[in-house]
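Residue numbers (this note's numbering): 54 to 478.
None of these hints come from the bench; they were simulated from the model.
Possibly wrong hints are sitting among the right ones.
[What the hints assert, rightly or not] Quick list of the computed label-pair ranges, beta carbon to beta carbon:
no., residue 1, residue 2, range
1, E236, P447, 37 to 45 Å
2, E358, H229, 39 to 47 Å
3, K380, E214, 30 to 38 Å
4, H174, W286, 22 to 30 Å
5, N107, R73, 27 to 35 Å
6, V147, D455, 41 to 49 Å
7, K380, R453, 43 to 51 Å
8, T383, Q433, 36 to 44 Å
9, E138, L110, 52 to 60 Å
10, G378, N315, 38 to 46 Å
11, D294, N107, 52 to 60 Å
Glycine is no exception: its CB is placed at the ideal position from the N, C-alpha and C atoms.
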Amino acid sequence: MIDDIAFQLAKFDVLGKHLRLSASSKCFTATFEKKPYAFRKKMTIFVKVVFGFNFLLFLGGMTSVSYLQEVGRFQCGDVTVTFGEDIWENAWVVGVDGELTNLVLVYSYFNGVYKQNGSTHDGRPVYQELRKNYGEGDFETKVPAKIMYCASEGAWVFTHENIRKSNKAVQESPCHWLLRYPETEAYDLMDVSSGPWEIWLGVIKHGAIMDIKCNGCNDDTDCNLNGVCSEDWTCHCTTADYYGTHCELERPCPRLIGETSNASWSFKYSRDCGYLLEYDRPLYTLRNDETYTFTNDTEEAVLNEEDIVNLVFTGSRWFARRYIGGKKLTPDQVEYRAIEYHAFWDNKYGSTENIAISEPTTRSYPVGVDFYRIGEVGEQYGPFGVLYPMQEPPGRGALRCDKNVAFDDGYSWTFTHCNKNSTSS
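With the sequences and hints as input, model every part of the structure.
Written out as structure tokens, the structure reads:
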């Protein structure tokens, strides 16, 4: 086939007039003059140099592409992870003293943004959990969870180095996986983003939810038509009515009022960081200091003059939580604690400071969501304790939006990516 191609090229006068005439003749004889040895030697060296150059160029290109693929350059840089409502009631957690202790693990507490941390594991990039304050910055005082490929499992896994399946000396995967995708050789995390996953709840449960969404965009529809997909492939919200990585969250209500009480809640504002966010939702603070009647019509918790009560989002549920001595904290301490907040590692439930809990919700503020007063807690009760409904009938919701209020203290609804560190606390 190669000689046929050369013959056609000769006929088209690509290889010179002499070969064109020879190829066009019915019968021809062509005699090629033997080149001198010096010329042939130079040509041999030239061909070898060209071949070597092309080989090195090809090898360098392949090496560069392989390296960039391994470190995740061609993959999504950061993702938003959303777990289902699975709860492991007897998780074994390594404490600060190195001892194992039993805690209730609500997987949705690990919802949020995970970003490539620049390292690799078994030839794939590692995604590391970021702070819950608008997914901005690395934790300073908490060990983050990770999503990575584990060769011993032959699969992508969700893991945390301080959470174990057992307190016994048993042979466990070196990755200490908590969720595991079926066996795969996929290099790209997005190839396994839709599951199904296996989850550890004391035993293996199949079909668990772990939704993984790339925080990049291809067009404006990826920004829910509430923003534009910019040149850096990220969404820039064009209206103040929506925010979030894909402009998917509605601007929250600035003031909440209890349906069956006089409780009034407003945004927690920081002088340096703007409105404080937890899991991309605003932190609300109780406004009336004398009594706290969010529990129900017949009970009220009297606040100490140094206490505060906040409504805080924990990944899928809202908690009403009393902070003992919260008013003693300086503004810098309040900001730093909010920025370093993590619903699991701050042990947000099972604590006597928790007053109420909501149903799961994805909304940006807790209106139209049913709440439950947290009663007795203990091994004989559910993972959240005894839950007493705070609204009648179900579905009414415990809070409503005060539409007569725009934004407290004259502040506009803006976010500052606050990355305050411990030197500021």
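Hint by hint, here is what the structure shows:
1. E236 x P447: 37 to 45 Å: Holds, at about 43 Å.
2. E358 x H229: 39 to 47 Å: Given about 45 Å between the Cβ atoms, the range holds.
3. K380 x E214: 30 to 38 Å: holds, 36 Å
4. H174 x W286: 22 to 30 Å: Once the Cβ atoms are compared, 25 Å apart, the range 22 to 30 Å for W286 and H174 holds.
5. N107 x R73: 27 to 35 Å: holds, 30 Å
6. V147 x D455: 41 to 49 Å: holds, 45 Å
7. K380 x R453: 43 to 51 Å: At 27 Å between Cβs, range violated.
8. T383 x Q433: 36 to 44 Å: With Cβ atoms ~41 Å apart, the hint holds.
9. E138 x L110: 52 to 60 Å: Given a distance of about 54 Å, which is inside 52 to 60 Å, the answer is holds.
10. G378 x N315: 38 to 46 Å: violated, 24 Å
11. D294 x N107: 52 to 60 Å: At roughly 57 Å between Cβ atoms, N107 and D294 fall inside 52 to 60 Å, so the hint holds.
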